[in-house]
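Using the hints, position chain B against chain A.
In the order they appear, the protein sequences are chains A and B.
Each position in the first sequence, counted from 1, maps to that position plus 72 in the numbering used here.
Each position in the second sequence, counted from 1, maps to that position plus 241 in the numbering used here.
These are computed hints drawn from the structure, not numbers from a lab.
These numbers come from a predicted model, not from an experiment.
Check before you lean on any hint, since a few could be wrong.
Unchecked claim - Some chain B residues near chain A, calculated using beta-carbon distances under 7 Å:
#1 Pro315
#2 Gly456
#3 Val462
From the three backbone atoms N, C-alpha and C, an ideal C-beta is built for every residue, glycine too.
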Amino acid sequence: MIRERLEVLDKLEKKIASIRESKSLRKQERLMNLKTFKQDLLAECKELNPAEKVYLARHLDRPRTDDYVAALFTDFFPQRGDHLYDNDKSILGGIGRYHGQAVTIVGQRKGHTAKENVEFNFGMACPEGYRKAMRIMEQAEKFRRPIITFVDTPGAYPGKEAEEHGQGEAIARSMAFMSKLTVPVVTIVIGEGNSGGALALSVANRIIMLENSVYSVLSPEGFASILWKDASRHEEACEIMKLTAEDLKEAKVADAIVEEPLGGAQRNPKLQFEYLDKVLEKELESLKGLSPAALREDRFKKFRSIGGL
Amino acid sequence: MALADIWGRSGSPENFISCPACGRRALKQVWREHINVCPSCGKYQPLKGKARLNLVLDRGSQKELFPEMAVHDPLGFPGYREKAEAQQEKTGLNEAVLSAYGTISNFPAVVAVLDSRFFMGSMSSTVGEKITRTIEYAGKEKLPLIIFSASGGARMQEGIFSLMQMAKTSAAIQAFSEAGGLFISYLTHPTTGGVTASFATLGDITLAEPGALIGFAGPRVIEQTIHAKLPKNFQRSEYLEERGFVDMIVERKDMKSVLAQLLSLHS
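One chain only, chain B, in its complex shape:
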C-alpha cells in the first residue's frame, strides 16, 4: 500500500506500513505521530493536501476556497477526461490544488497546497487559474499568502494552456507583491518544471522540506545533456539552501511554528 494513502483509509486491515526508502516497518499510528516522516530513516514521505491544511491551520478556522474548480480539457486530448476521472476517484480531489483561508496560531492567512497524488501536482489550466484566484483573493483581503508546492511540472495533456499558467501566476504574484502582500513559498518534494519556473521561486520568503527535489529541468534530462553523473544531493533542498536559493529548511514538526513566527514578524 502506498504511503500517500495511509491517512483516511482507516478500514484497512494492514496496521503496519513499510517505508519506501528503507523498507523498515512501523505502525500506522507511529507514522502519523511522525507526520509521514519515516521513524527509522527520517525520509520525508508525501502528505496529502488536506492533511497539510489540517496541520497548518488552526482547528475550526478553515474555509476552503474555490472547491468547485475541476479539471478541464482545453485541447480535447485523447483519454485525458477518463484519466482525470480516475484520479478524482482515487484521491477525492477535483484538481491538484487545494486552497483555503484560515488562521495559523491566530494569524489569518490564505494557503494553497499542491497535492502530488493528482497528476503529479502538474500545472493544468485549472491549477493555474485556481492559484491565480487564490493570489487575487489574498490580495483583495490583504492577507499573507502561503503556497506549498509539489509538482512534476506542466500538465502535458493541456499543452500550451498549461505553459501559459506560468505567465499568469507570475504576473499575479507580481501584482500581489507590489501591493505589499507577503508571499511565503514552501517547497516540498518534488517541485520541478513550470511550477519552479513561476510562482514557487517568487516568494518573499522561501522555505523547503528536508530532502525535497527542487529544480527546473529533471535530473535525468540534465545527465543526458551534460553526459555526466550529477552529485548525489544535486537539486535537493540542502543543496539549494547551501547556494542561497532557499532561506530555510524546516522540519515538518516545526512547519506551523515557523510559519506563525514569520506571520508574526510581518503583522
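Bound-form chain A, shown alone:
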C-alpha cells in the first residue's frame, strides 16, 4: 500500500539528510544504498490502484484550495458570505489575478490540521456555501471574468440545518446557474470530489483533474454501504466505481489530467503548482476565442452528451 511506502520514504529521507554531512567512505556507501532504495520505492509509486489514489486524494498534507490560490494567483481579494444568511467557511471565494488577468475563484476548502478542518467543516458545504459561490460567480458574469473553481469535498454537508435551508435546492440552483454562464469556466479537481456537493461547482467548460484526484457519485464508503450494506468493503468499491482521473477522462467528464510528483502532490507542492499552472493556462487559452454564446453552448454540450445514449 502507498501508505506504508510513504512512511518508509519519509524515514529514508530523514536518514539520508542526517548522513549527508559525513565524509567517511562507509557512510558514503550507505548513503548510495539508501538513495537507490528510495528511487526503487518511488518507482513503485508510479502505478497506484484506485484505493491508493483515494488515500492520496485525502492526504492531510496534500495541497488544498488555499495553497493553490496563494501559489497561482496574485492580488487575491476574498469575498465573504451569501449576503443572505451566513458565511460558509468551507467555500473560499474571491477575485485575483491569473497571469495578469482578473479572474473569479471559488473553491472548496479542506485543512491541514484538525483545527482547520473543523473550521472548514471538512470541505462539506452548506446551502449558504453554494449560494455564496453563486453570488460570487454572478459578479464574474457581470464583469466578464473567467471563473476557476477548485473541487475538494467528501460531499455536501448532511446536517439538519443544511436540509432545513434547502441543501438540494442550493445544489440544483448552482448547477442550473453555472449552465447559463457566458464566461469561461474551468474546474480543477484537486482532491476528492464526491456527489452533488462536488458537481454543484463543476459545471464547467473544462474539467481538469490531478493525477491522483478522484471524482465519484459518492464516497467509496457510502457506495459500499448502500450497495452491500457494508462500508468496510470500500476498497472493493474503489475498484469498480471508476473514479480515477483516467476513468473520468475516458468517460469524457475530465478534459485534462495534471501530472503529480511521484508519491503524490504532498511530496512536492511547489512542483505541483507548476504542473497545474501549465495545464490551467493552456485550458483557459483554449477558451479565449469563444464568444459568450459559444461558451455557454460549449458547456451545455459537454454535459448534454456525457453518458450519451
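Quick look at chain B alone, frame taken from chain A:
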C-alpha cells in the same frame, strides 16, 4: 402482497389488502376509490407511474414519449443487467420514468412520472436522458411541463454517469425556463438525493403529496452525522411547506384539479 402491485393484478384471489402503515384491511375496490390512500389511517401509498398518468391526463389524450428508452449499463457493472431485467420483468417498465404528452382538463401538457418500484426511481443515465428529452420536447412544443418525482437518489450501478444526470437535467430546465416554459415540480414519496438536488427543486411551482419524504441526505445519514435524533416529521412535505420550500401540499384526489387550475392561470 405489496400495495404497489394492487392495480393490474386482477387475477389475484386476494380481495382484501392491508395497509402497510396501520395494518387494517380494506377491499381492493375501496383502495382504488381512495387512489391508494389508506381508507383507515389516511397514509399515502405509492402509485404506479402509469396509474398516475391515467389519473392526471384526459382519457384518450395520452401519447407516450420515448417509450423505447431502456436501462443501459455504462460501467459494465457486475450483476446490473440481470437485476435490471428482473425489474423490467416485475414492473413491465423499461426504466424508472414514464413520459407522456396529453391534456389535463383540456389544457395540453407534457408529463413525466418517476416510478419508485423500478430501482427506487433512482437516477440512471437513461432516466436523466429521458427526462432531458422530455424537457426539450416540452420546450420545442412550447408546452407546460409537469414532473412527478419519486426517487431514492443516484443509481449506484452507473456511478459517475448517474451523478452527471443532475447537471444535464438542471441545465435543460434552465434553458426551458429561460425560454418561458412553465415547470410544475410535483414531489411524491420519497424524493431524495440527486433528484432533489436537480430538476425536482427547480420548479416554478412546487407541489407535494402529504407525508412525502423530501430531502437531499437521508434521515439515517443525518442522524449519524449530527449524533442526534431528528424530529418525527423532519423532511416531510408538511415540514417543507412550513419552511416555504413547497408551495402547496395537494391531496391526491385534488391532483388533477389543482394542476388544471395552474395550467389555466398560465394559459
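A quick look at each hint next to the structure:
no.: 1; hint: Pro315; in the structure: holds (5 Å)
no.: 2; hint: Gly456; in the structure: holds (5 Å)
no.: 3; hint: Val462; in the structure: holds (5 Å)
Going through the hint list in order, the structure satisfies each hint without exception.
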